[in-house]
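Peer 1: In full-length UniProt numbering, the protein residues as written are 1 to 175.
Be a bit skeptical, because a hint or two may be false.
Stated by the list, open to error - Quick list of the computed label-pair ranges, beta carbon to beta carbon:
1) Trp50 with Trp75: 29 to 39 angstroms
2) Leu113 with Leu72: 45 to 55 angstroms
3) Ser36 with Pro105: 17 to 27 angstroms
4) Val141 with Leu72: 15 to 25 angstroms
If you are wondering where the hints come from, they were derived from the structure by calculation, not from laboratory data.
Cβ atoms here follow ideal geometry from the backbone N, Cα and C, with glycine treated the same way.
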Amino acid sequence: MRADTAWGDRLLTLCVAAGLVALFTVPRTWARATLSDRGAHLLVATRSGWDLAPTGALVGAAAVLAIVLSLLAGWTGRRGLAIAVLACGLAIVALALGRLDAATPLEHTIGRLRIGTFQTDEPVTHSGPAVWLWVAVTCGVVMAAAAASSLALGRRRPPVNPAGGPGEGSQHRGV
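From just these sequences and the hints, can you work out the full model?
Peer 2: Have a look at this one:
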């Protein structure tokens with residue numbers, strides 16, 4: 001029973017670490033668009049999680065809530081709080097994946113700038129999600145998996161013997 005508790009605490013610590021990393025990813029670049037032809041270094045557009053309102057703020061709030069709930073679950077021993085941590089992890093994944101196409105408007109913007117600035121009819125642009133968006137998704141997956149594992153370990157505990165004697169629910173037999 002102590003091994004399950006120790007692993008459950010480690011998993012909740014992993015949830016806290018994943019929440020901190022997810023919180024760190026929000027001000028980082030989530031979407032990037034660039035030009036691949038001449039003058040590309042002049043026209044590069046990026047967006048962080050904060051720029052993609054309200055997604056960045058919601059990911060930050062979910063990460064903070066998951067950190068607080070993980071710490072409370074570890075300190076109080078109430079493993080049921082891991083259900084909310086699991087929900088926060090899934091919310092982070094859903095919110096971050098919902099911004100996979102956030103670079104498309106950036107691509108159109110720099111394409112128009114390229115046409116207007118350099119009189120190019122067909123600018124060559126590339127866009128897509130940046131690395132930090134994938135880090136946020138990974139943090140959400142790790143958080144959800146750790147919370148689910150903590151819940152599974154908490155439910156595998158053997159039933160408590162109400163008599164307080166040896167054995168788990170079985171009657172003590174004398175010699």
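Peer 1: So which hints don't hold here, by number, going up?
Peer 2: Violated hints: none at all, because every hint is consistent with the structure.
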